[in-house]
Structure formats: C-alpha cells, structure tokens
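Student: Sequence:
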Amino acid sequence: MKTFRKIKIKIGATILVLTFFLLPVVKLDQPSSTVVFDHRGILLGATVAADGQWRFPGAAKLPTKFTQALLCYEDRRFYLHSGFDLVSLCRAMRDNLRAKHIVSGGSTITMQVVRLARHGQRRTIIEKMIEMVLAIRLEWAIPKRQILAVYAANAPFGGNVVGLEAAAWRYFGRPSEELSWAESAMLAVLPNSPALIHPGRNRLALETKRNRLLRRLYQIDKIDSLTYALATAEPLPGKPLPLPMTAPHLVQRIFLEQHGQGGRIITTLDATLQKRCSSVLNRRMKGLLANSIGNAAALVLDLSNGAALVYLGNVTNDDPQHHPQVDIITSPRSTGSLLKPFLYAGMLESGEILPTTLVPDIPTQMGSFAPKNYNRGYEGAVPAFRALARSLNVPAVRMLHLYGVDRFYDLLLSIGLTTLFRPAKEYGLSLILGGAEGTLWDLTAAYAYLARCAVYRSAYIAPHILQEDDPKKGQDSHLQEGKTQLSLE
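When we follow numbering that gives the first Met the number 0, the leftmost residue of the sequence shown carries the number 0, and every step to the right adds one.
Don't read these hints as lab results, they were simulated from the structure.
All values reported here derive from a predicted model rather than from experimental measurement.
Ideal placement from N, C-alpha and C gives every residue a C-beta, glycine not left out.
Treat the hints with care, since some could be wrong.
Stated by the list, open to error - What follows is a list of derived Cβ distance ranges for each label pair: (1) Gly376 / Glu256: 45 to 53 Å; (2) His258 / Glu436: 20 to 28 Å; (3) Thr207 / Asn290: 54 to 62 Å; (4) His38 / Ala140: 31 to 39 Å.
Said to hold, decoys possible - Listed next, the in silico PhoX-like pairs over lysine-lysine satisfying Cα-Cα at most 20 Å (straight line): (5) Lys26 / Lys127; (6) Lys285 / Lys274; (7) Lys60 / Lys143; (8) Lys143 / Lys26; (9) Lys208 / Lys238; (10) Lys221 / Lys208.
Use the sequences and the hints to build the structure in full.
Tutor: What follows is the structure in structure tokens.
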C-alpha cells in the first residue's frame, strides 16, 4: 500500500512538473512606433504605434542609473527570487490589513511583466496566484536581464507614453542613457502611478516619491551626498515635449514602406548635415515665395556608395495651400531639361558626336512639333558642349532625332528612372524637353552615376537610405565608363 502511494505521489509530481513546463510563456506582442535614427544613432523622428501609443522598441541594454533606481523602488531582491518574493507579499498583506484597503500589491517585476501581458486583469487573489505561477515559468524561460528589458519597454509612463525610451524623449528630450539620477528616479517610480505625471495632478506626490527613492539610493551608497542634494533640487518636467522631427518626410516614407510595422530604423543620413541643409533651404524659400514657388526639396547622396546623407522632402511651411506635408523627393515632376546631359553622354559613348561637334541650332519643324529655344533665338551651328552648357532646346531635339527615342528611352531605364510609364513612341521627341516625369530620387541617383563614372569608374548604384541595404552594384547601363568621363570634360 505504501509503495502504491509513493508511486501515485511520483506520478502526481511528474504530472505537476510537466504541466508547469507546458504552461505558455507570457509574451508582450505590442505594436511599436517607427523610430528613425541617423547613422550615428541620433533621433531623426518617430511615429506613434498602431494603437496610438508612443512605444519605442526596447533598448538592448538598460541604463545603469535607471536599472538601479528601478530595482531599489520596485524589487530589491530581484536577483534573489525565482519569480515571486514571499517577503514582499507578506509585507504587502500586512500593509493592506493596516490600511483596510489595498496600498501595496507585493508584485515582483517579473509578476508585473505577467500582468502587462495579461492586459490588466482584475486584482484578485486568484489572479495574483496565476501571476505567481506564470512569473516562475517566465523566470525559467528567459534571463533576468531580458525580463528587466521587457518591463522597461512596456511599462506605462502616463498618457499615451509607454516604455522607458519613449518616456525619456517625451519628458526630457533625450535618450535614456543620458538621464540624470533625478530623471531616472522619476521614471522608476512613475509606472507605479502613471497619472502623477500630468501637470497639476498630484505633482507634489510624484516629487515626494522621487525624492524618497533618491534618499534610499543615497542610504545604500548608490549615490553620494552631493549627487543626492543636486538630484532632489531638480524640478520635475513640464508638459510632454515634442519629439525631434529632423526628417519628417523620410520618417513617413519609411512608415508607409514598412506598412506601419514599427521598429528601430538606422538610416544613412547625417543629422548635422540634414539640419544645415534644412536651414539653407528654408532661407532660400523666402526669395522663392516672392516668385510664387511654395515648395522645395533637397537630396544629398554619397557619391561612393549611393547612401542618402540628406533627405529634405519639403520646406517647413505653415501655409496649407502649399501642401508642405507632400514629399517632393518621391513626387513625379516634369523633367524639363534635366535629361539633356544623358543624351549627350549617350551620343558621346556611341561615337556619334564629340564635344566640339557642330550641332544645328536653326528653325526646325518635325511633323507637328516645332521646338523653340528659351530665348526664342537661334545660333546657327553651335558646338555640342556649348549647346549643352546653354541648354538649347533645338539642338537637343535634333540630336534626339538622330540618336533615336527608343534608344534614349532604354538608356533612361538603365540609369534608374522608374516613372516612364508610357511607351517611348508616346513620349516622342518631347522626351528631351520635359515630356516625361521623374522624381528627385531617381534623377539625383542618375546624376550621381555620371559623376561616379568620372571619379570612381563604377557601375550604376541604386540610392538607399537604410544602413543594412547594400548598394545594388553592377546593374547594366547603356553608358560606359571611359566615354562618359569624356562627356564630363
């Protein structure tokens, strides 16, 4: 009989252990903001997550100040327990009985992660027991360091601010690793009562909690007396700060191209150069507005690899009639005379002209098409290089007629123009005078290719804005290296 009882106990224990390990590990699968950085990690801008929250992707490593403040405030025995802390639970029970209402839950950080994953179930004894079991299961599944990171990335920090990184930027305007002890302490206590952050609502209570935590950090020798005195003298932040929007059109482009999936995006941009170019462009717009020009954009590419260094989709303009939210870089516009250098380069490459070849600049009629120069005059016979330098229309049309519209159309496709939606014959000779549309993105890459042929003698490289994107080298082009260099001389 005793043997049978032992067998039953062993079977029961085995079933209990198997059941424990078969329990699902809680997961926090929340949508993330799209957060865009330059190549050095400087924040360029961000969007809210799909659920309307500012929720930045969690950092790979939590800042030391915040980690120490958090553990001191929320879970001092975090590295000693296996998911729940019996001492904290007993103390919470004592405090609640004395107060005759719930003043403390006694939850560990791991249990709080479980509660966040279970979307705020009602606080009952049964729910607390479930949290304890799932917390133990979570501790068996992932390391303590990761549990802290999950908590920091998903804890509520007031309003629609979720996670440490979003809170650091919204309340202090800088990344979490640059926060002071006072700022780190404030963020450590805030998830416990996120409503305290609102101006005018119990701000004194928030400051008292922060200073109490700072005093505790001083008592356990995490900070010295001077740091403690300076930290307690720091004021609380005011209303939430706007996030940097150094490259708003790029942020929106990435958001749309990634279908709002969110995440941490490292780009090839240079934030310093971006700001300098923005300042120049906005100053220049003051003169352009006098000529009824309300939009402008700037794109700077690294000649060696096609990486975008500056992406200014439009100027800063409060006048809605100019639609400043429109990204001019990706918006097709008439190419005007911008395609003429490629025709000249193509004809140089094929040996059909030399820079000094005389090209007719005379009244011309080709069917119903009669091109005119900008000044309505003619120069007779003009060297090809001068016709290009002066952007004469008539010589360009006559040269396109000689070169062939189909050949030129194929050449444009080979250097990255993606907006030629009609067949070549529908464009006809007007292709060289703005009859087609192009984007600043494609045209800048094409001109970079001309310069690259002269400097690096390399093939066409598609432009890119993400650091992980390798340049698409070696694409076939109808322009070859040596003779294209001749066209630039």
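Student: Indicate, hint by hint, whether the structure satisfies it.
Tutor: Structure-based check of all given hints:
1. Gly376 / Glu256: 45 to 53 Å: holds (47 Å)
2. His258 / Glu436: 20 to 28 Å: holds (26 Å)
3. Thr207 / Asn290: 54 to 62 Å: holds (60 Å)
4. His38 / Ala140: 31 to 39 Å: holds (35 Å)
5. Lys26 / Lys127: Between Lys26 and Lys127 the Cα gap is close to 18 Å, so the pair holds against 20 Å.
6. Lys285 / Lys274: holds (17 Å)
7. Lys60 / Lys143: Judged against 20 Å, a Cα distance of about 12 Å means the pair holds.
8. Lys143 / Lys26: holds (15 Å)
9. Lys208 / Lys238: holds (19 Å)
10. Lys221 / Lys208: Within the cut-off at roughly 17 Å; holds.
Checked against the numbered hints given earlier, the structure satisfies every one of them.
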